[in-house]
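Asker: As a plain string of letters, each chain reads:
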Amino acid sequence: MKKIMIAAVSAITFGIMFAAGVASAVESSKPETHDGGWIDRHGKVSRADESECLSCHTDRISCIECHQDTKPRDHTSAYVYKGHGLKSQWSRESCVSCHTDSSFCDECHLITAPSTHRRGWGGNLYNADGSVAGRQGRHCTMGCHSFAASGMAVYGNDRVTRRCKTCHQTLERTSNGTHPPN
Amino acid sequence: MTKILGRYIRVFLCALFCVNVYALEGGEYQTPDTWKRHYAAGGVKYSTGGVNVNGTEFDASVTSRTAYRYFEDELAEEFAYLRLKIGNIKAADGDISFSLYMRGAYASEEFKLDTFNSTKNGFYAERKDDPFALRVYQANAALDEVIPLTVFTVGRHYISYIDTQLTDGGSAEVSLLDRRLKLHALYGLPVSFYESDPDTYIYGGGADISPFASVRVRAEYLGYNDKKDDYRNDVLKARIDGKLPVGLIYLNYKLIDSANDIQAGTVLDFKPIIAGLGGTTISASVRTITAYYGEKTTNFIDPYSVSLGQEGKNTVIVGEVSQGITEWLVISIGGEGKLISGEPDYAHREFSHGYASIDLNGVFSPDLYIKITGDTWLAPADKGLKEESTFQIGGEVSYTLEELSLWGGTSFQKYRYYIPEENRLVYFVPMLKSFEEDARTFYLGGEYAFGTGLTVGADISVTTSSVFSSYNDEFNDALDTRVELNLSWVL
Numbered sequence: 036m037k038k039i040m041i042a043a044v045s046a047i048t049f050g051i052m053f054a055a056g057v058a059s060a061v062e063s064s065k066p067e068t069h070d071g072g073w074i075d076r077h078g079k080v081s082r083a084d085e086s087e088c089l090s091c092h093t094d095r096i097s098c099i100e101c102h103q104d105t106k107p108r109d110h111t112s113a114y115v116y117k118g119h120g121l122k123s124q125w126s127r128e129s130c131v132s133c134h135t136d137s138s139f140c141d142e143c144h145l146i147t148a149p150s151t152h153r154r155g156w157g158g159n160l161y162n163a164d165g166s167v168a169g170r171q172g173r174h175c176t177m178g179c180h181s182f183a184a185s186g187m188a189v190y191g192n193d194r195v196t197r198r199c200k201t202c203h204q205t206l207e208r209t210s211n212g213t214h215p216p217n
Numbered sequence: 108m109t110k111i112l113g114r115y116i117r118v119f120l121c122a123l124f125c126v127n128v129y130a131l132e133g134g135e136y137q138t139p140d141t142w143k144r145h146y147a148a149g150g151v152k153y154s155t156g157g158v159n160v161n162g163t164e165f166d167a168s169v170t171s172r173t174a175y176r177y178f179e180d181e182l183a184e185e186f187a188y189l190r191l192k193i194g195n196i197k198a199a200d201g202d203i204s205f206s207l208y209m210r211g212a213y214a215s216e217e218f219k220l221d222t223f224n225s226t227k228n229g230f231y232a233e234r235k236d237d238p239f240a241l242r243v244y245q246a247n248a249a250l251d252e253v254i255p256l257t258v259f260t261v262g263r264h265y266i267s268y269i270d271t272q273l274t275d276g277g278s279a280e281v282s283l284l285d286r287r288l289k290l291h292a293l294y295g296l297p298v299s300f301y302e303s304d305p306d307t308y309i310y311g312g313g314a315d316i317s318p319f320a321s322v323r324v325r326a327e328y329l330g331y332n333d334k335k336d337d338y339r340n341d342v343l344k345a346r347i348d349g350k351l352p353v354g355l356i357y358l359n360y361k362l363i364d365s366a367n368d369i370q371a372g373t374v375l376d377f378k379p380i381i382a383g384l385g386g387t388t389i390s391a392s393v394r395t396i397t398a399y400y401g402e403k404t405t406n407f408i409d410p411y412s413v414s415l416g417q418e419g420k421n422t423v424i425v426g427e428v429s430q431g432i433t434e435w436l437v438i439s440i441g442g443e444g445k446l447i448s449g450e451p452d453y454a455h456r457e458f459s460h461g462y463a464s465i466d467l468n469g470v471f472s473p474d475l476y477i478k479i480t481g482d483t484w485l486a487p488a489d490k491g492l493k494e495e496s497t498f499q500i501g502g503e504v505s506y507t508l509e510e511l512s513l514w515g516g517t518s519f520q521k522y523r524y525y526i527p528e529e530n531r532l533v534y535f536v537p538m539l540k541s542f543e544e545d546a547r548t549f550y551l552g553g554e555y556a557f558g559t560g561l562t563v564g565a566d567i568s569v570t571t572s573s574v575f576s577s578y579n580d581e582f583n584d585a586l587d588t589r590v591e592l593n594l595s596w597v598l
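Protein chains in written order, with this note's numbering: chain B, 36 to 217; chain S, 108 to 598.
Because the hints were derived from the structure by calculation, they are not lab data. Note that the structure is predicted; figures quoted are calculated from it, not measured. Any given hint could turn out to be false.
Calculated cross-link-like contacts (lysine to aspartate or glutamate; reagent style EDC-like; alpha-carbon spacing at most 20 Å) [to be verified]:
#	chain 1	residue 1	chain 2	residue 2
1	S	Lys289	B	Glu128
2	B	Lys122	S	Glu509
3	S	Lys403	S	Asp489
4	S	Lys420	S	Asp336
5	S	Lys350	B	Asp84
6	S	Lys540	S	Glu509
7	B	Lys79	B	Glu128
8	S	Lys521	S	Glu543
9	B	Lys65	S	Asp275
10	B	Lys122	S	Asp409
11	B	Lys79	S	Asp376
12	B	Lys106	B	Asp75
13	S	Lys344	S	Asp376
14	S	Lys289	B	Glu87
15	S	Lys344	S	Asp364
16	B	Lys79	S	Asp368
17	B	Lys122	S	Glu418
18	S	Lys289	B	Asp75
19	S	Lys490	S	Glu450
20	S	Lys361	B	Asp75
21	S	Lys521	S	Glu509
22	S	Lys334	S	Glu418
23	B	Lys65	S	Glu494
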């Protein structure tokens, strides 16, 4: 399948190249600054004098249409599944040009389970009588709790707890060691 | 594979040197309206169209974007945009205008998330209680110079004096000192399309003065008052912009509660100085956050502190250089790096990012544009954090005639990362499992303009990836296909 795809794209690409021998130049009304690198620079330049941009991009329609409703090409399903988490952790600035509202992140993370949350992930740390459960849910062992010599859990591990808090934004510990949902 | 690649390289080089090269006027070049990063029929046309009746402008446009996706099931979504504007209605010595821009969206039932372990989780999230996902981006009335030297705007509009914020409310501006000084004030509710009851309001004002033709100084105070959680963020902003013969420089300062956010940068554009060599564009910036925000910061200032936590002290340096080699070849190289203070964390860590691209415009035809890009991110190992990285290479070809645009492209992405092992603790230490996964994307598309009013476009993209196999072995090299059909009509 991959080879067929590569061959098809290559054939069409080179077909366009060789068929484009005779054509008339297309006049563009765009300013000369709007070159191949403009999409990376336009943000900084627009902040200096937005009125110049608005003379063509009236009412910010182009800005809204791109920044609000059109995904970049690299936002594939693989990116949604894994890549965006990596990049947002390293550089929030790369996201904020479009995702200005964190509720967008929350809306998905509150209802979307990551791949680690399979069968056996849940479960209680303690039994109903307060003893440590024999079959603890896997999530209990992710470092949110370290264990005292008695086997009782000691709550707190900022690094891992914060990773959980991406979705579980309220981590309140109850008396029997369970967490209420979200 | 090597032989096939070699064959393609030989054909490419032959085409490069065996076909007449078309010089472009003035050594400048403009690239097509369709970019690698986004696609929509009509482009800028539906913000510049319209008819003029006795000086009053009437603008109207309707855009329909329909997408079909094939992964496990067939999924469909539809976006429809409506834009209406009545502008330049004469009133006294000024103008009154009314603007409306809104969007509705529909998704088929399969989009809605259901079971805990559904593979659809992680691909899309749709609000279950909002089947039409209605958004009003603009709905306002503006009085421009109806009262001399003033501008009043009321309704849903973008407040943009230093930063931009969509707000339901009002803003007023008055010009003084022969229009070199502008004072403004504003009040309203910042708009969130996801939070149903944000209960935050914003108020403030500022000044904008140009002491010289090439210098602009702005200052602004904004207060964000969250009535629900009963706290307030005070934001003080200042900005200086200087126009240079070859570009601009800027200095931006924000004080958010007690945290300083300072950014300085430049964008420079040098014309060719050697005959036959292209121009040079340089952009660079440095940003420092000296202390992060307080215990509570409204979502409208810091969108990510809830899901990622507070970021901590850091400095980010960014730079890019684009050099025209000939009238049809531009090579660009860029990079950024982040330095942090304090204990690193998964969301507070150093990283480096490098990228490069080659632009070929008008090599085989004045209307043919080719772009090849590479991009790599690296977060090094540090105090218990493992090294993580991503890598991407890709290319795009676009061809534009007067009515017709065609494009195609491909990219390869690789992700390398760690997650806790899905086992019990061993000696109370989480075991980290390494993943290295990749994804390939191909896309083809085209757009045709019927006269000046109607544009029709279509785009298909296909992604194959091993990323999903870490979730479920059945999805090794899963295939994800998206077809998008767009119609755009402009009055």
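Asker: Of the numbered hints stated previously, which ones are contradicted by the structure, given in increasing order?
Answerer: 1, 2, 3, 4, 6, 9, 13, 18, 20, 21, 22 and 23
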